[in-house]
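Novice: Spelled out, the chains give:
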Amino acid sequence: MNFGFDGTQRSLGDTVARLLQSVPALTAPDLDPRQSDRVYEMLAECGLFALLVPESCGGTGLSLVDTALAVESLGGGLAPPAVIATLAATDAIVRHGHEGQRRELLPKIASGELRVAIALLEPGCGYDPHTMKSTIANGRLTGRKLLVPGAAEADLLLIVTGSGGKPTLALLDARSGGVATQVQESLDPTADFHEVVLKNVAVRPESLLGGASPERAVERLMDVSATLHAGMLMGIAAQMLHKTVEYAKIRVQFGQAIGAFQAIKHRCADMAVAVEAGQSAAYYAFWAIAEDSSDSPRAAAMAKSYCGEVARMVCNEAIQVHGGMGFTWELGLHRYLRRAKVLEHAFGEGAWHNERIVAATLAALIPETNRQWEVA
Amino acid sequence: MDFSYSPAETEFRTALRSWLADALPTGWGETVFEPKDEDERARFRLDWERKLHAGGWSGINWPRAYGGRGATLVERAIFAEEMARARAPEGLNIIVGHNLVGTTLLRHGTEAQKQRFLPKIISSEEVWCQGFSEPNAGSDLASVRTRAERRGDKFIVNGQKIWTSFAQYADWCIALVRTDPEVRKHAGLSFLLINMKTPGITIRPLRQISGESEFNEMFFDDVQVPAENIVGEVNGGWAIAMTTLAFERGPEDALGRQMRFKQELDELLTTLASLKRDGGHVIDDPIIRQKLAKSITEVEIMRLNALRSISRYLNGEDRGPDVSLMKLFWSHAAQRLYDTALEALGPLAPLWGSAATAGGRFQLSWLQSKAFTIYSGSSEIQRNIIGERMLGLPR
Chain A
1 MNFGFDGTQR
11 SLGDTVARLL
21 QSVPALTAPD
31 LDPRQSDRVY
41 EMLAECGLFA
51 LLVPESCGGT
61 GLSLVDTALA
71 VESLGGGLAP
81 PAVIATLAAT
91 DAIVRHGHEG
101 QRRELLPKIA
111 SGELRVAIAL
121 LEPGCGYDPH
131 TMKSTIANGR
141 LTGRKLLVPG
151 AAEADLLLIV
161 TGSGGKPTLA
171 LLDARSGGVA
181 TQVQESLDPT
191 ADFHEVVLKN
201 VAVRPESLLG
211 GASPERAVER
221 LMDVSATLHA
231 GMLMGIAAQM
241 LHKTVEYAKI
251 RVQFGQAIGA
261 FQAIKHRCAD
271 MAVAVEAGQS
281 AAYYAFWAIA
291 EDSSDSPRAA
301 AMAKSYCGEV
311 ARMVCNEAIQ
321 VHGGMGFTWE
331 LGLHRYLRRA
341 KVLEHAFGEG
351 AWHNERIVAA
361 TLAALIPETN
371 RQWEVA
Chain B
1 MDFSYSPAET
11 EFRTALRSWL
21 ADALPTGWGE
31 TVFEPKDEDE
41 RARFRLDWER
51 KLHAGGWSGI
61 NWPRAYGGRG
71 ATLVERAIFA
81 EEMARARAPE
91 GLNIIVGHNL
101 VGTTLLRHGT
111 EAQKQRFLPK
121 IISSEEVWCQ
131 GFSEPNAGSD
141 LASVRTRAER
151 RGDKFIVNGQ
161 KIWTSFAQYA
171 DWCIALVRTD
181 PEVRKHAGLS
191 FLLINMKTPG
201 ITIRPLRQIS
211 GESEFNEMFF
221 DDVQVPAENI
231 VGEVNGGWAI
241 AMTTLAFERG
251 PEDALGRQMR
261 FKQELDELLT
271 TLASLKRDGG
281 HVIDDPIIRQ
291 KLAKSITEVE
301 IMRLNALRSI
311 SRYLNGEDRG
321 PDVSLMKLFW
331 SHAAQRLYDT
341 ALEALGPLAP
351 LWGSAATAGG
361 RFQLSWLQSK
371 AFTIYSGSSE
381 IQRNIIGERM
391 LGLPR
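Taken in order, these protein sequences are the chains called A and B.
When you line the first sequence up against the numbering used here, it's residues 1 to 376, in that order.
When you line the second sequence up against the numbering used here, it's residues 1 to 395, in that order.
So here's chain A without its partners, still in its complex pose:
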């Protein structure tokens, strides 16, 4: 039993954090979606996208738990969400891709040659992959996908859709005929969201993931993405706590640093408690999904719901403690606030995951009446 990270895992987190710090534009106040173009290449050069790829496919062969602190650094450094989309897609291909996909795609993902965007949300739908309106019929995919990070730059699209009434995953060339992407305005333009319209896009059977059990591939992608988002959210929360504490040490009012006032000190302490608790939930989820622990769907749901709440609370408090400065464009706290909000709403917001937490808990606690609580 050891709920801690080893030296390699910590140094991976530090490396990613330092690399992102070397790109000031990433956290600059202005909302330029192109400011992060170079970042993807830099992260590829340092080997980030090889981490989850098995050694037999040209990767490092690490597990998701090894990447937890690196993902946290991606969050705190405001790396574009497209980066973790590629990581989640890598896991999907490693776990549920067929031999051809693994052999052909994984080496190119590892080197940074291929980028993958994940398309989940649709107009008029929630987060449940079972309820998507887009479908594959007669080998053709039609539908509309919203809030897809990095779709314009992506080489591949990993699309959560339906086939024969069941959720499935299609991995398509982003430049296939019938695919049209368009930038979407959002709270966080630097997240680089796109709308993706799919009109009679040809889907060959070998473009699907999950083989005989596509539902499991979809569930896994949802859990992995939720966990990666939880990690990113904790990176933001830790960064906001740090900035707030440093500000409270130097900002003087009434003749003393405001951090000496309990009204401020106690807010900071509550932020620290929230960060500690959120990290506990996030790190455990990383371990649970890496090890395929039987409680991993519940652990991922807990992490996503709880870390979303923590990041929201910590960002709100950070701006409050910074006072008027916190509300200015120039200080740039709004970048973290905006990013935390869009991450909070990706791959299930709190209420959606809360329902999954209760359903899973009841199913384990009272198995005989299990069916009564199954999520619709």
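These are calculated hints, taken from the structure and not from any lab test.
These figures come from a predicted structure and were not determined experimentally.
Ideal placement from N, C-alpha and C gives every residue a C-beta, glycine not left out.
Any given hint could turn out to be false.
Computed list of chain B residues with no C-beta within reach of chain A, every gap over 10 Å [as the list claims (entries may be wrong)]:
| # | residue |
| --- | --- |
| 1 | Glu11 |
| 2 | Ala23 |
| 3 | Glu38 |
| 4 | Ala42 |
| 5 | Arg64 |
| 6 | Glu82 |
| 7 | Arg107 |
| 8 | Glu125 |
| 9 | Asn158 |
| 10 | Val282 |
| 11 | Pro394 |
So, partial list: chain B residues that the calculated Cβ filter (under 10 Å) puts toward chain A [what the hints assert, rightly or not]:
| # | residue |
| --- | --- |
| 12 | Ile78 |
| 13 | Leu265 |
| 14 | Leu275 |
| 15 | Pro286 |
| 16 | Lys291 |
| 17 | Glu300 |
| 18 | Pro321 |
Guided by the hints, dock chain B onto chain A, whose structure is given.
Specialist: Quick look at chain B alone, frame taken from chain A:
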């Protein structure tokens, strides 16, 4: 990161679990419960502790030299989990005697003190209480006024202590006393071991908001304490009291509590699954489910926080403000859990005792939970500790 247990640890767990199955009465926790009368319950808990000791399950991670089992910190955590899983009776001497006095003496006691006191703490032959707080020294603990004056080979103690749990059953007391009123308040304190049978000690029970009288006030009137019963140096008591508090808030304590909160939460979920209201089951109410999800998550995080702290110590870090983070989290999360419990019980939540749903356990726990954010350092004190010692904010 690894949540699996070694073969030796698993063996420890299996052995303990099977011992517990034999040692606890048949139907324990389902049809057989602790006595309702407080004095009977205290005797029952003490008997249980002595049974644990006879079975070799006392002083789990204490050195064998003082009668302990010499187990690892992970095994200590497993012990807390298994005891709570079996709903084993809470000890009478465990919280103060074992967790506070024992751990403090192990760090700061003289060899003679360790030899004299530790074996009888482990065997629960001697029950301890904690004389720290006073009417005018609560959160401001360093302001204690109870005086200890050196006369010959004795200290003469005069003053008053308050909120002393189990004083009515205690044989010994750890007391924070003022030995020098002239110096800065933190620098004039000493840490004494006082025999509760000494003439001049008066104990008066205090009634709590739950109606129970677990804690007391104590009066010291020319109480003679042998000079060798000081822990550490004269006027060096503050640092020692801080050790005691670090253990009071530690992960061993938090894990045991977590398992009990988890049992209450499971009991709540089971209760709500069969509780009908307005033609449906309460458990299907989506608003209640949202609140339950939060408590389910928070009770899980209590466990994870404690395991993270234990892992820090295993990896060579010392106890620090992390115990304040842990205590602040579990105390408020537990209060939210019981608020949610009563909210879910709905219109009949005001019923008490056997007339209430689940025998009134949630109502009693709800009242008891109000103490969590006050005792062993109020939330405000924990926030000061976190702000100043962990975040480095100015005093």
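Novice: So, for every hint listed, does it hold in this structure?
Specialist: Hint-by-hint comparison with the structure:
1. Glu11: holds (14 Å)
2. Ala23: The claim stands: Ala23(B) keeps its Cβ more than 10 Å from every Cβ of chain A (closest is about 25 Å).
3. Glu38: Check passes; 32 Å lies beyond 10 Å.
4. Ala42: holds (33 Å)
5. Arg64: Holds, since 22 Å exceeds 10 Å.
6. Glu82: Correct as stated: the minimum Cβ-Cβ distance to chain A is 14 Å, above 10 Å.
7. Arg107: The assertion about Arg107(B) holds, with a minimum of 24 Å to chain A.
8. Glu125: holds (33 Å)
9. Asn158: holds (34 Å)
10. Val282: At roughly 12 Å from the nearest Cβ of chain A, Val282(B) sits farther out than 10 Å, so the non-interface label holds.
11. Pro394: violated (4 Å)
12. Ile78: holds (9 Å)
13. Leu265: With a closest approach of 9 Å, the Leu265(B) hint holds.
14. Leu275: violated (13 Å)
15. Pro286: Since the shortest Cβ distance to chain A is 8 Å, the answer is holds.
16. Lys291: The hint holds - Lys291(B) has a Cβ within 10 Å of chain A, the shortest such distance being about 9 Å.
17. Glu300: Since the shortest Cβ distance to chain A is 6 Å, the answer is holds.
18. Pro321: holds (9 Å)
Consistency note: the structure conflicts with the earlier hints numbered 11 and 14.
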